[in-house]
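Engineer: Listed below, chain by chain, are the residues.
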Amino acid sequence: MRKLKRYGPPILLISPSLFLIGLFVYVLIFSSAQTSMTDIYTNPQFAGTRPHTFVWFTNFIDLLKDGDFQHSLKNLLLYTLVFITGAMFFGFLWAWLLDKRARFEGVFRSVFLFPMAVSSVAAGVVWRWLLNSNVGDRATGLNRLFQMVGLDFLENKWTNNISFGIVAVAIPAIWQMSGYIMALFLAGFRGIPTELREAARVDGANEFKLYRYVIFPQLSPVALSALIILGHMSLKVFDLIMAITGAKFYPTKVPAVDMYNLMTEGNFANAAAVGIILLLVVLVLIVPYLIHTARGDKR
Amino acid sequence: MRRFTPFAILAAVGLALAGCGTSNEPSDDTSTGAENTPEETTAAATDEAETPDDSTEAGGSDVSGDVEVFTWWTAGSEALGLEALQGVLAAKYPDVNFINGGVTGGGGSAKELLQTRLQANQPPDSFQVHAGKEAQDYIDAGQVTDVSALYEEFGLTDVFPQDLLDMLTQDGKIYTIPSNVHRANVLWASVPALEQAGIDPQATTYASVDDFIADLQKIQDSTDLIPLSIGGTWTQVHLLECVLIAELGPEAYLGLFDGTTDWAGSEVGGALEKFGTLIGFTNDDRDQYDWEPASQMVVDGTAVFNVMGDWVPALLDSTGLVDGTDYVWAPAPGTDGVYDFLADSFSLAQGAPHPDGAKAWLDVISSADGQEAFNKVKGSIPARTDLDLAALGFSDYQQQAAQSFATDAIVGSIQHGAAATIQQGNATNDAVSKFTTSGSTDLETFQSELAAAYAG
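Chains as they are written, first to last, in the working numbering: chain A, 1 to 299; chain B, 1 to 456.
There could be a bad hint or two in this list.
What the hints assert, rightly or not - Keeping only pairs whose Cα atoms sit at most 25 Å apart, straight-line, the calculated PhoX-like set for lysine-lysine is: (1) A/100 <-> A/236; (2) B/173 <-> A/74; (3) A/74 <-> A/236; (4) B/376 <-> B/92; (5) A/236 <-> A/65; (6) A/236 <-> B/434; (7) A/65 <-> B/92.
Rather than coming from a laboratory, the hints here were simulated on the basis of the structure.
Next comes chain B alone, as it looks inside the complex (with noise of 0.2 Å):
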């Protein structure tokens, strides 16, 4: 028997080891991929030096060599945008040969990878960031350069909005330029499950959330449906944020990001309040959900309404369903004539080895041609608000929105990183999953954790 005992042990802490050996391998991977991409980049720019000038086609631009480029886009509409704008390079630049640094993961890993490339002084030329707040890191680690140069050169601050330039700018200088323009208030509903519930689905654009939950309420007694559908705790911050602005306005809904507007006040707490009651009209599992699963509920019209931002159409049309007739959409409860907006962006990185080639990237992210190509496939709308996009065959939606996106007040996400840093929004995260989880937090400790999240 004493032979057998030490084998078990032995197998035992073998298989523990091995354990350990596969958990060290992504790390592992992490950096010999930080290592590698300048090396290629070297290599590829000896080879572009090798080949002879030709630049002389270019229509009227002389920039060759290479130009990396850090994004999140790698799959579905996203990747097909990147290519449709790699597509417009191409035919802008024909001498820039663009690498594409993409990784998957924008929540977190692609953050990371892009962080240790950043810290080792290894740069790609120009990376993706959410426009606003969340670049904040970015600017006061010294990691992107000023490019308010680039937007006189390329004409922009006359073709995006003031209320987008004024939330960009820091201390009279931008740090990124706006690729695409999303908004986050938006309230999607199913057409057969708002005649089930006896809601004219023309009637959808709410004055006050007090209206919507009336609504709600009306559903949850004479119908089995969801009134509203919801996914995990980023969802619920994401309609926490539409509940802040639809009860506090515009204004002092930006006031809060600026110490005007109190966090501990009765306004706040009043919002918070009709969270709590709306989040009592949705789905128990919410927390085991993404975004899509939750608009999943009304595509199949079990759940009646679902706020989200316009990330959903593609969605929607994807399962085929047409605007309109199958679906409807408005702005969210008591949040018309406000935009709520998050944006992907691009800086031009400090220290990159191709400072050309970026130029040359952020002149055709920012382009009409660009905007157009990139929009038309992602299902955003154009930053810029000199496009036609009826003419360029924009969708319906996409052309409503960007009306109001050239009308409207623009506010900016907290939970897309627009209006409040990375810190800020995963305190809040943190805040609400303790509030939405049955058993825990009251709605004034919710409060007070939200003031310190945003408190200093």
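The following block holds chain A by itself, in its conformation from the complex (with noise of 0.2 Å):
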């Protein structure tokens, strides 16, 4: 009786919200996992009136094996490789200098975080223009101004590259989050008393080893949740990709543009089979984290 008077007004509480969460994610998560398991590969299976078989893991090993989809999961390597480098150096040398009581430091933050404030589809578009892959005489965008300020050997035909076209999309998106991982730094940096910096001054210190022993250390958690959240939206990009280049330019494909594509031809099967594999991968770079946080929290 005691005990219900202790947790019984928590629970009630929670139960509204552990009960939406159930359903429309986890319930969601499994009954995606079982699609994912069968032969609707058509309009007419998923309706009910041509039927449809149960057939294990097929879906999942013949993806890995198809050379599209292998394409699009190297596609969504090189662009979290690059894009989480990118958004990070860039980030973290914004948050450094601005660190270093820059004048004007409220003027350079707000600049810095705007483009996270445009929508990914606004900023696409403008990017899409941006990205021409004219070069020579028709060049616009970024090519032309490579024109104007001398730089002709940079020109080149950003997306449209069978093997490097992904990395043209991630420059908007390092253009978009950079702010945001500045932001996140600065919190670390004003975080970091000055007594701290001032002793190891004292002791002898130098500006490398000052970094290196005193300030690096005390960043590492803002450096570990930011590498969690860029890596967890480059594994989910979409929205750029679908403003920039579009749904079925091949060159810029990633898993999440399979999965819609296959889901519009009626392929639902393989369609949840990507799902899946994408929440795999998510869930490879979270778990370890969520371990992690756990163990500091008991601590």
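Given two chains presented individually in distinct reference frames, assemble the corresponding complex, making use of the accompanying hints.
Structural biologist: Structure (structure tokens):
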């Protein structure tokens, strides 16, 4: 009875959200996993007028063997690497510069943060124009800019490259997210008490040692959360690609785009399989992080 | 400092979650949208039942009640065309209450929303579908009903061309009724650009793709104009189908879809090679564009030629250009005498809540009045061949297109769902996208991928 009094109200309060999350996240993940193990490749099978059977992991095996899907996975990997590296680099650089008590810090902070306020689709439409793949006389966008400042050798076809087209899409993504990473790092820098720096200097640490042994260790939790956030955003990239090149443009396909294409043609089994693969890939990133933070909380 | 880091992490996670939240919204909208409509429908139906029946005024028709029609005609000339059809419906069936179930997005989102409604057994009474193979999924899923009886009832078998009827018929049954017809294989050219390149604007009807390539070469050598403008992947597939028709001829082209023509054969190989040559004459930034910017290059005179369907005149005329003096058109090279068609058509949904209303709607869209009103506004031509377009004030282009439609060999479009299923169309898009991107597949792989797409 006492236990009920103690645990009852909180459980009652939390139960609506538990129920909703359970239904709309976990039940749907389960249902998706179920679909991914069937042979529902057409609308009629989905509607139930044609039979379908349970095929276990055939869809996953076929997908992973498929050259086109491998291309999508490779694109995703390349995009993730470039995007995370770029956003972390610029985010850290800007935060570090601003932390030096630059003048007009507030202005710069807003300027760098602002791209994040622009919707991906709107940004994508602008970047589609900037990343125009015309070179030479007909060049527009960035290629034209390169010509005007005499950097002609930088001109290239951007997204129109089978292997590295996806890297061009990472540029707007970096542009969008660097400001956010900057804000995280800036908070991290500001969180380091000046006493620590002073103490290090008194102990004779030079600039390099100060960063290596005092500042970076303090920043590592921020860097880790930044990595996790960028990582899961990157793995789910979809809107930017749809806005810049569209769903049917092969060089910039990633699994999320494949999933959309498969779903629109009624291939629900493979669409669900791609979704589950994406979920597993994100889990590989998130679960160690959750374990890490859980351990940190206990301590 | 311990105070700050958790805060930063919290803020970060909060933002990330906010991002997730917004991404969920559209799907919520979709489901509520699908749920709401039947309620509205019933509400409207009750209203209708309460009002006194005055069907006596209705020129012989005693149909009353609602009809919900699902289209993706929500903007521009298409929306105006739909409005015109509503006008005809109101005149012919004054007691039928039109409910517009329109949603934007013919390529994807509209069809997905339609599919969710069909899966939930809450179909609209009639829905739009591209005539031909694209309707196959709906037929197999039992989501549309056989309307061949209505063809007899409305007397359509005599007024639609036989080629078209053959293409719509499946095992003796027809499931959709076309409202309008577009031609895909049209070559558009800018007169000033042609003159600059020294090509006679009156001689753009090329007998073969090779002749066309010769002129493109001439343009590339002598001017800095874009010889042939094109847009993203789907417009490239559009060009490919025109090349296939030209190189194979209409019969062998149709054979590609019933297995009598070999996709892996040398004839197709030759056509693909020429397609590759044509792509070499196009603008490098093609993949950035939909069809409009590509056709706009012809409007601006920066490109000489553009192969696109006959929805281009709406763009050309809106910019004030005049057919014959500012731009010229011809059948796509090597396809004179062939009409590569695509058509919007309407179905009678299985389990339609108002089948009588749906029949009234199908009567309207297939009637002479309906096809005249709609196509005049939309710029396509009527599927009926018994209308005198000149007397009705259709444009010169429409009159000539209608004449070709009545006399030419009719074949179906790959890209626009008449000859290929959605799956085949997507696979074709993939193969073409790989082939036309720099550093991608060679001709042999391209052909084998296409063959695989249409196998089985």
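Engineer: What are the numbers of the hints the structure violates, in ascending order?
Structural biologist: 1, 2 and 7
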